[in-house]
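S.K.: Take a look at the letters that make up each chain.
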Amino acid sequence: MSLAELICPAGTPAALRTAVDAGADAVYCGFQDATNARNFPGLNFTPDELAAAVAYAHHAGTKVLLALNTYPPAGKVDLWRHAAYLGVRYGVDAFIVADMGVADYIRHTHPLARLHLSVQAAASSPEAIRYYCENFGVKRVVLPRILTIPEIRQIRTEIPCEIETFIFGNHGLMVEGRCSLTNYLTGQSTNMDGVCSPASDVQYVRDTDGSMSSRLAGFTIDRFGPEEMAGYPTICKGRYAAPNRPEGYYAFEEPISLNLSRLLPELIDAGVHAFKIEGRQRSKSYVRNVVTAFRHAVDDIRAGRATNMSDLVALTEGQKQTQGAFETKKWR
Amino acid sequence: MNTDIRDAPQPPLLGTGMFARLACVLIQPMLSRVVRRVALRHPSLFARLGSHQSTDFLIDPVDLPFALHLRPDPQALVFRAVPRDAALPAGASIRGRFMLLLELVDSEEDGDAAFFSRDLEITGDTEAVVRLRNALDDIDGSIATETAEMFGAPGRAILTRLRRSYSMKNRQQDTR
Amino acid sequence: MAVKAMKPKLTLGPIAYHWSAHKNRDFYARIADEAPLDEVYLGEVICSKRAPFHEADLPATIERLERAGKTVVLSTLAEVMLKRERKATDDIAGLDAPEIEVNNAAGLYARGMRPHRVGPFMNAYNEATIDWMARQGATHVCLPTELPAEAIAIAARSARNLGLGVEVQVFGRASLAVSARCYHARAHGRTKDNCLFVCEDDPDGMPLKTRDDSPILRVNGIQTLSESYIDLLPELGRLAADGITHLRLMPQDVDMVGVTTVFRSVLDGKVATTEADMRLRDLCDGTTFSNGFYHGIAGYRRIAAAAST
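Residue numbers (this note's numbering), protein chains in the order written: chain A, 1 to 332; chain B, 333 to 508; chain C, 509 to 817.
In case anyone wonders, no lab produced these hints; they're calculated from the structure.
Quick caveat: nothing in here was measured; it's all calculated off a predicted structure.
Keep in mind that a hint or two might mislead.
[What the hints assert, rightly or not] Derived Cβ-Cβ restraints for the label pairs, each shown as a range: (1) A:112 <-> B:360: 52 to 60 angstroms; (2) C:709 <-> B:410: 55 to 63 angstroms; (3) A:302 <-> B:364: 29 to 37 angstroms; (4) A:269 <-> B:368: 55 to 63 angstroms.
[As the list claims (entries may be wrong)] Facing chain B, from chain A, some residues (calculated, C-beta under 8 angstroms): (5) 40; (6) 202; (7) 310; (8) 315.
Just so you know, even glycine gets a beta-carbon here, dropped at the ideal spot from N, CA and C.
Given the sequences, and given the hints that come with them, work out the whole structure.
M.R.: Okay, structure coming up:
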C-alpha cells in the first residue's frame, strides 16, 4: 500500500516536468478550456502537450491526473466528454470529476477509467462520499478543507475509498463547487467556466500614498497600505465594511495560505492516502520549492526520521499561513 | 527577503534626461539580438500569449537607468530600451528591481510571492501580465543564461556578478 | 413550431434567514391565508443550529398551508458534515409525506430511488446530470441560480422529456456561496459554536460594502447572498415558453404576500410587466434588482429584457 502520495500541481508542461523531477508521485493538470477549475489565461495544456506530458511523467513513474472538475452548463456537455476521450486516449491515470453527468458518462463510456471525486463536488460526509463511490465507482475523494483531523479519521472508517486532502496552498473559504461570487461580479462562472477572479477583470491601482487598491470588475476588493502584504483579488479574501465593522475587515478570511506541514504525521495516521498541493496557477519556482520540501518531509516520515521542513512562508498569500479547519473547530 | 521597490536607490533623475537616452542607444543592439534569439528558440511562447502578442508591455526595472518596451508580436517583435520620461503609455506595466525581474523571467523567483511581498508592482491589463508570466514560465532553462552565453565569457561573468550582488543585497536586507 | 406553454406554478422557497419562531409563525400564517402560491418549501437549509427553533411549529405550519390548498415540500440542509446534520438529513429523507427537496448528496444517498425533488444547491447544471437524477428517482429539479437562459431552455427541455418538473428562482437574493465558517459569528468576534444566534438580528442578511462604499453582498450565517434581489418579472414569458414549470420566490424581509400577488397578476395576464415591476419596486423599497445571471452577464447587473421571442 502506498501511503501519503504527493499530488502536485502542473499549470504548464514545464511545471509538470519540474514537479516530476522534484519527486511528485502524481501530477494533476487540465486542458486550455472550461473543463477544469483553473481555466486561466496562458495556462494549461493543449492535447499534444498533454500527450507528451503523460509520456514524460510515466517514464519517471509519476501518475497524471486530469482535472475535469467543473460543471458543464446544459448544451455544452460534449466539451467535457471530448476531454474525457482525450484523457483516455493519452493514458492519464485518473480523472478528477465533480459533475454527476460527467461521472456517469465516464463510468459507462470508459469503464476502465479511474475516477477521483473533486473537492468541487463538496462531499463532506460519509453518506455523500458513498453516494459517489456506489454510483460512479469513485476510488478516491478529495476532501473539502473544512474538516478537523478527528472528523477525517471518522470518515475514513465509514467510506470504501481513498482520501486525499489539501496540505498546502490557496485556502478556499467557500464550499467548493457552490460558489458564484465571481460570476456575480464578472459574468464568468467558477463552476461553468472554471474561473475565479479572472485576470481580465482585475485591476491594480497605485494610490499616491504608496498604497495599492485591487479591483475586480470595478469593485474595490481590498486596499493595501504601503507596508502591508498583498493577496489575490478574490472576493472571499476582500475587506468590507459591515454595520458593526464600519472600519472595514476581512469578512470571510484574510489573505492567507494553508500549510499543514506540521500535521502530516497525524494526517497519515488518520488514514489519508494522498496529499495535494494547490497551485496550478503558480510558477515553476513555486512548484519546485514546495514539491521538494514536501517530498523530503514525506520521505522522512515514511523512514521514521524527524523532519525539518524548509520555510515556505514567502510563497504564501499575504505571507501568512494557517492550519485552517484541520487544527480546530474554532476556525468555523 | 523583503527587498522593497520603494527602498530602491532612485535619484530623481534616474532613467530620464541625457544619460538615459545615451544608455538606451548603447543597449539597443543587444536587446534586439536577445529578443530575436529567444523568439527563435521558444516559439511555443507566442501561443500562450494569445491575443496579447500585440500588447505593449512596459517593463520597468526601478534600479536601471531606463525602462524596457516589449511588444511580443512574432511578426514584428519590439524590445527596446526607453527613457522613463519618454515611455509611451503601455497596455501593462511590470515594475520591480532588475534582478528580481530577471529571476522571474527565469522562474527562479515566484511572481505571486513577489507580488504578495509588494516587491513587484503590476498596473494596466492584468490578463496580459498573467499571460506573459505563464508563457515565460513554460520555458525550460534560463533565458538569462542563454542570453549571457550569446556574449561568451564576458556575458557569463557579468551575469555571475549580477547574481552575486543581488543575493548579497537580499542577505543584507534579511538581517537589517 | 410554438408549443403552447403551460402556465407555470408559483412556489415559495425555504426561508434562508434566521427569523424568530414568532416571526416565522406569523409569516406562514399570512402566506397560507393570503398568498396566491401553489407550493411552499419549508425547512432549515442553511444552518443546522437554527433548526430546533422551528421544529415544534413545523407540523402546524404544514397543516395550515395544506389546508389552504398549498403543496408543501420539505427541504434538506445544503451542507452536511456534522452528526446532527447527517441525522437531520436522514430524518427528512425517511419521510413518505410531504414531498422532499434534497440539497446535498448525503440526502440523495439516504433517499435512494424513492421519489424526491432536487434542490438548487445540488448543481443540476445540464441535461446529462438531470438524466442521471431522473433515473435515481428525481421528480423535479430546481436549476442553479447562476444558469443563463440558453442553458435553462436546454435543461428544461430535457427535464420535461423525462417527465420532471423544472424550477427557476425568479425573485429574491441569490445564494452565492456557502461555507463551513459562520461569517455572522466572525463579524462579531465569535465562532460558529458560540455564535449566540447573532444572525437573528439581520432578517434580510447583514450588508457588506466595498472599500469605496458600494453595497455588494449580504451575509447570512454560513451563507453569502447577493446584495440585489433577482427579479425576473420581465422574463416570465420566456421562462414559460421555454418550459419552466415552477417559478420560485425566495422569502425576503418584505411584504411577501404583496410580492407573490405581483407575480401572480403577471402570470394571469392581469397586469402588464412594466406596471408590475413598479409595484415590486415599491414593495422592496431601497433594494436594487438584478437579472444578470439569466442574461449571462455579471449577476448584479440589471438589463432591460430583450423583446420576447
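S.K.: Take the hints in turn and mark each one as holding or not.
M.R.: Tested hints:
Taken as a hint, the range 52 to 60 angstroms holds for the pair residue 112 of chain A and residue 360 of chain B, whose Cβ atoms sit roughly 59 angstroms apart. Look at residue 709 of chain C against residue 410 of chain B: about 59 angstroms separates their beta carbons, and that is inside 55 to 63 angstroms. Here the CB-CB span from residue 302 of chain A to residue 364 of chain B is close to 53 angstroms, at odds with the stated 29 to 37 angstroms. Between residue 269 of chain A and residue 368 of chain B the beta carbon distance is about 57 angstroms. The supplied range of 55 to 63 angstroms therefore holds.
Interface restraint check for residue 40 of chain A: the shortest CB-CB distance to chain B comes to about 7 angstroms, inside 8 angstroms, so the restraint holds. Taking 8 angstroms as the C-beta cut-off, the interface hint given for residue 202 of chain A holds, the closest approach to chain B being about 4 angstroms. Nearest Cβ of chain B to the Cβ of residue 310 of chain A: about 13 angstroms, over the 8 angstroms cut. The hint is violated. For residue 315 of chain A, the interface hint holds, since its Cβ comes within 8 angstroms of a Cβ in chain B; the closest pair sits about 5 angstroms apart.
Checked against the numbered hints listed earlier, the structure breaks hints 3, 7; every other hint is satisfied.
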